[in-house]
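**Student:** Residue-level listing of the chains:
There are 2 protein chains.
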Amino acid sequence: MKKIIVLGCGMVGSAIAADLCDEFDVTVADLNKNHLDELQAKHNINTIQKDLSSPGNVTQLVRDFDLVIGAVPGFMGFETLRSVIEAGKDVVDISFFNEDPFGLNELAKDKNVTAVVDCGVSPGLSNIILGYHNSKMKVDSYKCYVGGLPVKKSPPFNYKAFFSPIDVIEEYVRPARIVENGKVVVKEALSEPEIIEFEYAGKLEAFNTDGLRTLLRTMKIPNMIEKTLRYPGHIELMKVFRDVGFFSNEEIEIDGRKIKPIDLTVKLLFPFWKPEDDEDEFTLLKLIIEGEEEGKKKKYIYTVFDKFDRETKTSSMARTTGYTCTAVARLVLDGSFNQKGICPPEYVGAVPGVMDKIFDMLKERNIYVSEEDF
Amino acid sequence: MKKIIVLGCGMVGSAIAADLCDEFDVTVADLNKNHLDELQAKHNINTIQKDLSSPGNVTQLVRDFDLVIGAVPGFMGFETLRSVIEAGKDVVDISFFNEDPFGLNELAKDKNVTAVVDCGVSPGLSNIILGYHNSKMKVDSYKCYVGGLPVKKSPPFNYKAFFSPIDVIEEYVRPARIVENGKVVVKEALSEPEIIEFEYAGKLEAFNTDGLRTLLRTMKIPNMIEKTLRYPGHIELMKVFRDVGFFSNEEIEIDGRKIKPIDLTVKLLFPFWKPEDDEDEFTLLKLIIEGEEEGKKKKYIYTVFDKFDRETKTSSMARTTGYTCTAVARLVLDGSFNQKGICPPEYVGAVPGVMDKIFDMLKERNIYVSEEDF
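If you're matching them up, the sequences are chains A and B in order. Going by this note's numbering, 1568 is the number at position 278 of the first sequence; the sequence numbering is gapless. Going by this note's numbering, 1600 is the number at position 310 of the second sequence; the sequence numbering is gapless.
Worth flagging that the hints you see were computed from the coordinates, not collected in a lab. If you're wondering where the values come from, they're calculated on a predicted model, not measured in any experiment.
You can't tell identical chains apart in this list, so a pair holds if it fits in one copy or across any two.
Pairs of lysine-lysine, DSS-like flavour, derived with a Cα cap of 27 Å:
(1) Lys1603 <-> Lys1340
(2) Lys1443 <-> Lys1529
(3) Lys1550 <-> Lys1564
Please construct the entire structure, taking both the sequences and the accompanying hints into account.
**Tutor:** Below you can see the structure in the form of structure tokens.
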């Protein structure tokens, strides 16, 4: 039985471990013993309590395993990945770090490892599907809409953060790099809102976010955009907060004391965004891929809609992210994907037959990817 | 020539002094020498630079005058008024203080002074008009809508503060006391928004504010309400800021430092509310007075609409407040109004012939009070 170690026992890391532990010998490492104990009470895993922010620890830790899953917080992700590659281990990583992953490409090639990065739902599954089509047709336009939302609207924000709230604010502040007519263009965060109607969720509002990431480099597609979905009205509010300066992390002086507005805002705002226990939520992904295939204009629309799983108490956010990751993990372990170096998910999708295998594994877990073509 | 001293050379105090100085010997007192010098450069006034927050100073200062005008900031108003009454001087006051003015009633009667309080536009002119009708009919319902707004809408707030911004936030936070079916009821600030259409201003939104003040005590009218006007959408935003906690003045701890959210909010928000130099603005007042007169159902609607005066560079806020005050000041000086003790403006309106004299003086200054009756 192959041995896998999952670095990080957070919401997604635990869903990943739970999904793999019946087929593989799974160990989970985290600083937080409670999370490890809770998971071990429900699933057949080994646990190691360890401070993963210490790079030396990680390289040592992963020595005896066949595959590593990286599921640590974004701010730690890059260095953790480096340590795993230094140890010469194949890795599938979902941590949403800011650094350019290709900075580790030479190292990964030298060490002869397969390192899949950004392997969640979006980035992740979206990249896989685009990579597949990009290998079979001339893609002119790629649009990706994604969002995780509560079922119940709680005014005034009608939003709950099912992942790290500070990363949510990042999305509202970080300028979005998109591609227009072949050029990378930087758009203001929260810009160009559009209304999109979905069958289950109704009218949602989509705004530019900086989610294309590796695609900006790997895809020669003249028009690419990623937009995040929220209930209507949320974006307008966030714009006001941002424009007034409540998201700023520049210190200002109040009565002789220095304070960053974002620190106060976070303290006041996050209680409003905290989900209730087992709050119903859903994840939506919609891709529109257009171009030319066999001399004809062609358009593909993919939709994924997943809901909180009451049986396993797993959020759709954890499921769609985690099960894309575990699907790719299996394909790395069985040799179906064995490219060396830093491999964003679009490389995985380009390998014949792989995308369908991933869809099958998702279907087995009740995640359905619907496809329409025109 | 009668001698008048104006306490406070702010926006309204200076408009008051400028209006009186051709008919009376006017002195203006303030801590700020620049304001005094600027005013003296344009008008025939005497000036005294003095710290009016020191009560002993005020009693001394007003000794040789026939009438005092109180135009100091709200937080100073009550004590300044007390000092003037102690000196035995008649006074017409516009400062918007929180304390109950009737607390000075015994003192004013002992000293045999006429002390008119809250003598601006609303409270002020609105009270005068209600006092008039209350003396002539059985009033069942009184509705007062008032607001000072910029002509130009600047998103997202579509608002500029033409008086003290911290008092604007007070209006958004302080619960509003209204009268419903004969009982004083406390409504949440910003509650019960309604849309009202005006000829010049278009659709405005009105919400409950705590402006009835002395009327709660002096009028036995079963239904009374005051609402403040804003452009639509402004109130929703203010509710969010308030509900999240940005207007709170309870200290919270950020990184070991204690801070009141309101202090940060004020620093970030007020630049958005600062009017441009000579920015066009307007003041709207609408009163609906209903009841029974001479055995028949009767309804009166009063409207005042005034704009920034480009010739004298005086805001409509200063004009409507200041010229109501100066009108009443003349009537106190010539004996038309000579009731002793604390006199809210509704007492002034109840004296036969006085309201018409006030309307005439306003008309001379291009402030028109239109009246419709049904």
